[in-house]
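Asks: One letter stands for each residue in the lines below.
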Amino acid sequence: MSPETAISIRNLSKEYYRAEKSSPFSRKANKGTGFLAVNNISLDIKKGEIVCITGHNGSGKSTLLKMIAEVTQPTAGEIEIDGKVASILEIGIGFQPEISGYENIFLSGAMYGLKKSEIEKKIDKIIDMFGFPEFINTPVKYYSSGMYMRLAFSIIVNIEADIYLFDEVTSVGDTEFRTKVTREISRLKSNNATILVVTHTPALFSRISDKFIIFDKGRISVSKSIDVPNNIGKVNALPHFSEDHLANLKEIHDDTISFDITDICLKTSAIDLERIFDEKMEICATVNYDIDKSVLMLMTINDMLGNIIASSSIEIKTGSATSKEITFEIPSGYLKPSTISLGFEILNSEKKSLISYPNIISTPNDNKDKWSGYIDLPIRASEK
Amino acid sequence: MTKIISPDGHIGTLDYLKSIWASRHLAITLAKGEVKNQSSMNITGIFLNIIQSLIGLAIYWIVFGVAIGINTGEIPYPVFVLPGIFIWHYFSAITGYCSNCFLLSQNLIDKLYFPRICIPISKVLLGLVDFTIGFILFVILFICFGQTFTINWLAFPLIFIMIIICVSSIGLFISFISLFSMDTTRIAAQLTNFLIFITPVFYPDTIIPENFKFILYINPVAGIIEYARWSLLGTPLPDFKYLIGIAFTICLAIAVFFIFKKYEKRITDLM
Chain A
3 MSPETAISIR NLSKEYYRAE KSSPFSRKAN KGTGFLAVNN ISLDIKKGEI
53 VCITGHNGSG KSTLLKMIAE VTQPTAGEIE IDGKVASILE IGIGFQPEIS
103 GYENIFLSGA MYGLKKSEIE KKIDKIIDMF GFPEFINTPV KYYSSGMYMR
153 LAFSIIVNIE ADIYLFDEVT SVGDTEFRTK VTREISRLKS NNATILVVTH
203 TPALFSRISD KFIIFDKGRI SVSKSIDVPN NIGKVNALPH FSEDHLANLK
253 EIHDDTISFD ITDICLKTSA IDLERIFDEK MEICATVNYD IDKSVLMLMT
303 INDMLGNIIA SSSIEIKTGS ATSKEITFEI PSGYLKPSTI SLGFEILNSE
353 KKSLISYPNI ISTPNDNKDK WSGYIDLPIR ASEK
Chain B
2 MTKIISPDGH IGTLDYLKSI WASRHLAITL AKGEVKNQSS MNITGIFLNI
52 IQSLIGLAIY WIVFGVAIGI NTGEIPYPVF VLPGIFIWHY FSAITGYCSN
102 CFLLSQNLID KLYFPRICIP ISKVLLGLVD FTIGFILFVI LFICFGQTFT
152 INWLAFPLIF IMIIICVSSI GLFISFISLF SMDTTRIAAQ LTNFLIFITP
202 VFYPDTIIPE NFKFILYINP VAGIIEYARW SLLGTPLPDF KYLIGIAFTI
252 CLAIAVFFIF KKYEKRITDL M
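Protein chains in written order, with my numbering: chain A, 3 to 386; chain B, 2 to 272.
Think of the hints as simulated: they come from the structure by calculation, not from any bench. Remember, it's a predicted structure, so these values are computed and weren't measured experimentally. Please note: incorrect hints may appear among the correct ones.
On the chain A side, residues computed to face chain B include the following (Cβ under 7 Å) [stated by the list, open to error]:
#1 VAL73
#2 GLN75
#3 THR77
#4 GLY94
#5 ILE95
#6 GLN98
#7 LEU109
#8 MET113
#9 ILE259
#10 ASP262
#11 GLY308
Short derived list, chain A residues pointing at chain B, Cβ under 8 Å [unchecked claim]:
#12 GLY60
#13 MET69
#14 ILE81
#15 ASP84
#16 LYS86
#17 GLU162
#18 ALA163
#19 ASP280
#20 CYS286
C-beta atoms are modelled at their ideal positions from N, C-alpha and C, and glycine is treated no differently.
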């Protein structure tokens with residue numbers, strides 16, 4: 003393993019057994035047919051990289067993390083790890099509901115290998131990050147789910163490690179929490195930590211990730227390094243998302259229609275992603291279709307709660323096409339710097355959704371002023 | 002610090018001991034968390050344990066001390082019976098806790114790696130709370146009944162270590178068996194209900210006929226209780242044959258350590 007490599011995975015497999023019949027005498031179900039949750043994968047992850055792993059449920063991404071975290075043993079292959087690993091496969095693991103948040107900090111910290119003295123040094127920072135100091139002595143069973151997660155996450159990001167494994171940390175929680183997660187992951191990266199994030203919302207991590215890996219049936223279907231360009235001019239500011247990835251996001255509501263988005267890219271002349279809202283944006287979708295009735299292709303701009311804040315549509319006439327490019331142009335000056343996401347809907351003539359591609363790309367902006375809103379309307383304020 | 006994870010999952014004996022030692026805070030914290038969790042859920046809190054011990058003591062006193070009139074020599078029956086009660090309660094509590102400890106911690110085991118042996122060890126530590134309460138209660142009764150401290154008390158730390166080894170080895174063994182069978186919890190509960198009658202908890206071993214005493218000799222808890230009575234109450238030094246049961250638990254402790262070492266990385270998959 004080279005000195006720049008944090009994790010080297012060679013021919014890794016994990017076999018599980020499908021339970022067939024449970025026995026009254028055994029805790030385990032009888033061994034049924036075996037299947038490979040992770041199937042002969044090889045992968046190198048460099049030090050200081052953020053790797054975003056996505057894929058369908060049951061595709062093997064969490065199993066991979068569990069093997070790296072030593073929770074479960076590989077069936078074949080080998081993982082070589084250089085550095086201390088902190089695995090966060092579930093937020094709030096081991097919390098005791100009846101005891102206070104303060105006491106749970108020590109309990110959870112001990113589970114992640116922190117000594118009492120280490121936790122004591124960080125306790126103020128953890129409570130500060132938690133954000134509800136007045137509730138710190140309240141039993142956690144009285145916490146809202148958001149408070150529960152905030153406390154757990156505050157503990158986690160204070161663990162000192164070289165490699166962090168996060169499994170679905172953003173699956174719950176509000177927009178603010180998600181923003182906090184991405185911000186903290188960026189901060190960990192700035193300390194040269196290596197981070198693996200398993201997520202079903204890769205768009206959230208598109209800005210901070212160095213590499214995307216898509217799992218499919220235990221194998222890596224796509225592994226792509228992302229180079230965010232820094233040259234001025236018309237460039238692809240966000241990565242192209244592959245056909246496999248888009249297929250993962252696709253939600254089919256009517257399976258009689260054949261319509262696929264095979265590629266999405268966002269073009270802008272902005273120097274970097276921080277300034278993406280200053281310039282004109284072009285969202286280019288490459289589509290394949292074969293339809294016997296005309297449909298509407300709707301592009302939506304959504305806030306992080308999924309509410310549509312703007313949309314535009316184009317009619318796709320009856321017929322078929324392969325690799326047809328459809329472009330939606332957003333002029334500069336209309337969108338304010340904010341966290342928005344883009345989605346696509348294919349609608350029939352009655353405006354019924356046939357196919358959805360929700361939340362494909364998001365543009366996290368951590369410094370959004372909550373009073374500024376999303377759209378820049380020419381509203382004038384005057385005084386008389 | 003490069004680590005290799007491979008299917009054989011071999012851990013060296015010294016490395017395993019080191020990892021257990023490094024996780025001692027976790028075992029202590031798990032036990033503390035559970036004590037706090039349990040005591041905050043009950044109105045009676047920690048006093049429930051004292052009440053339970055006192056009720057148990059009162060029943061044994063009435064049934065065996067007064068009604069049956071078991072002869073305990075010059076030692077008042079409550080003082081005589083209490084070391085047996087708190088040692089037995091410790092043993093039976095750990096047997097119960099360990100028989101389903103992995104099942105109850107499945108979510109934790111499935112999400113975080115730490116030496117799995119920490120889970121049953123935390124149960125052994127958890128049981129020490131009741132043990133300590135029982136011991137304090139015994140000291141109070143000992144003084145109230147006007148008993149005098151003898152030099153044998155100095156041997157109690159050694160007996161305490163024997164108690165820990167005995168309880169840990171049996172608890173850890175049961176916890177390991179529970180990975181394979183759902184019936185462990187119920188079988189363990191039935192066995193402890195039965196074993197109390199062949200353990201000198203509420204009677205002295207002198208009432209057992211000589212040709213049946215081998216049952217006590219191979220019972221490690223019996224030996225420990227007899228040695229504890231010798232240390233705390235000044236009863237005659239127990240027969241050296243009681244060391245058979247104690248030697249058995251020491252062998253079991255060593256065996257259990259190596260079993261856990263071998264299966265350490267496979268426990269998640271065994272569940």
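Asks: Determine for every hint whether it applies to the structure shown.
Replies: Here is what the structure says about each hint:
no.	hint	result
1	VAL73	5 Å, holds
2	GLN75	5 Å, holds
3	THR77	6 Å, holds
4	GLY94	10 Å, violated
5	ILE95	5 Å, holds
6	GLN98	4 Å, holds
7	LEU109	5 Å, holds
8	MET113	6 Å, holds
9	ILE259	40 Å, violated
10	ASP262	36 Å, violated
11	GLY308	29 Å, violated
12	GLY60	16 Å, violated
13	MET69	7 Å, holds
14	ILE81	4 Å, holds
15	ASP84	5 Å, holds
16	LYS86	7 Å, holds
17	GLU162	13 Å, violated
18	ALA163	11 Å, violated
19	ASP280	43 Å, violated
20	CYS286	41 Å, violated
The structure fails to meet hints 4, 9, 10, 11, 12, 17, 18, 19, 20 from the earlier list, while all remaining hints are met.
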